[in-house]
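Residue numbers (the working numbering), protein chains in the order written: chain A, 379 to 492; chain B, 41 to 150.
It cannot be assumed that every hint is accurate.
DSS-like, lysine-lysine: derived pairs with alpha carbons at most 25 Å apart [stated by the list, open to error]:
#, chain 1, residue 1, chain 2, residue 2
1, A, K395, A, K435
2, B, K110, A, K435
3, B, K82, A, K409
Listing some non-contacts, in silico: residues in chain B with all C-beta distances to chain A over 10 Å [unchecked claim]:
#, residue
4, V53
5, Q71
6, K110
Computed Cβ-Cβ distance ranges for the label pairs, DEER-style [to be verified]:
#, chain 1, residue 1, chain 2, residue 2, range
7, A, S432, B, A133, 18 to 24 Å
8, B, P50, A, L492, 40 to 46 Å
9, B, P121, A, G429, 39 to 45 Å
10, B, R100, A, G474, 29 to 35 Å
11, B, K82, A, L492, 20 to 26 Å
Calculated directly from the structure, the hints in this document are not laboratory data. Given the structure is predicted, the values throughout are model-derived calculations rather than measurements. No residue lacks a Cβ here, since even glycine has one placed at the ideal position from N, Cα and C.
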Amino acid sequence: EADIYQTPRYLVIGTGKKITLECSQTMGHDKMYWYQQDPGMELHLIHYSYGVNSTEKGDLSSESTVSRIRTEHFPLTLESARPSHTSQYLCASSEGGTGANVLTFGAGSRLTVL
Amino acid sequence: QKEVEQDPGPLSVPEGAIVSLNCTYSNSAFQYFMWYRQYSRKGPELLMYTYSSGNKEDGRFTAQVDKSSKYISLFIRDSQPSDSATYLCASGAGSYQLTFGKGTKLSVIP
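Same shape as in the complex, but just chain B (with noise of 0.2 Å):
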């Protein structure tokens, strides 16, 4: 079983629509838990990540763990069609390496 498992998608939905993203993880020594988002062709970039079980918010962006289910959410609100990108969940603990899923690509259609 791999760590961190992520459906690849694809994911397409038409604009305005809440987007959710997830991801569930196995190792119970993961300690926070973040989302990259990748446009093609760039590296990815950090969008959010948490410590704790529970909701956080930026902007249009939610991310939710549940740590008893072992399992990540990313939400996104009123989907905009730049928001069409490659989204990466990853975990990791203390200062080693990150653990990352596969990642769900998402087109989000005007």
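The shape of chain A in the complex, shown without the other chains (with noise of 0.2 Å):
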């Protein structure tokens, strides 16, 4: 079943710890997005990627960092965590082509910084 998958689905770590939230997709698909979420705010973009080895940086100033080496996998990895990394992560994806960008969602990484 074609699906985008994240890992872990919940993960409390200290303070300036490395982590790397993991995201994978069997759609085939071209574009792929980060999202942080917070309660009661909009989703905000992180990071994109259009294909491999093409990594952009989105709407919101993020310390994190990703990488496009395969086209099923863009992981996002924070060098040394803060509790205002606390958050929600989504990972999505969507197919190339200039129609509707239709997106589809992981079920997300919730983050929390001690």
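Two chains, two separate frames, one set of hints: put the complex together.
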């Protein structure tokens, strides 16, 4: 079944630790995204990729970094986690092309930094 | 002014009620309009999207767009407890990134 997977679903970690949030999709989508979601706030785009070896920063400034070495894989890394990074992180993907940009989301990774 | 405005609620209705969820947008370049549903501890899932003004129906759900007033609505008929979720409107143009509203949290009480 075509889907998009995020791991871990929940992570509690101490300040200063390095973390990587994994995202993989089986749909062969060219475009992949990372959004940050906080309660009562809009989804904010922090990174996106339109294909292998292509990554861009989104509207919301983030200290995280991403890589896109394989089409299906789009991990997000925080080199030194801080309490301000506590949030829900959503990965999404969409097909290329000029039509409506319909996103398929993963279940999310909820990060808590103590 | 945010490009997509949505009342976050929360909204609580009795089972069987007709629910109306609304958004406004300010960017005239937006070409298509989407509604996503997000259950607690899950990612958003697409309910429906439309390009044009007017109504689009899918079962108990109707999406309505009025481009002249830049108003987007989602109607849910015969609401069920399983409809309890956060509903996110989103707008976009071409293949560019979507702009999301804050989401409206809906509770349908049995």
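Hint check:
1. K395/A to K435/A: 22 Å, holds
2. K110/B to K435/A: 29 Å, violated
3. K82/B to K409/A: Holds, because 21 Å separates the two Cα atoms, which is no more than 25 Å.
4. V53: Holds, since 20 Å exceeds 10 Å.
5. Q71: 8 Å, violated
6. K110: Its Cβ never comes within 10 Å of chain A, the nearest being 17 Å, so this holds.
7. S432/A to A133/B: 18 to 24 Å: 21 Å, holds
8. P50/B to L492/A: 40 to 46 Å: Violated - the Cβ-Cβ distance for P50/B and L492/A, about 29 Å, lies outside 40 to 46 Å.
9. P121/B to G429/A: 39 to 45 Å: With Cβ atoms ~42 Å apart, the hint holds.
10. R100/B to G474/A: 29 to 35 Å: With a Cβ separation near 33 Å, R100/B and G474/A satisfy 29 to 35 Å, so the hint holds.
11. K82/B to L492/A: 20 to 26 Å: Given a distance of about 25 Å, which is inside 20 to 26 Å, the answer is holds.
Checked against the numbered hints above, the structure breaks hints 2, 5 and 8 and satisfies the rest.
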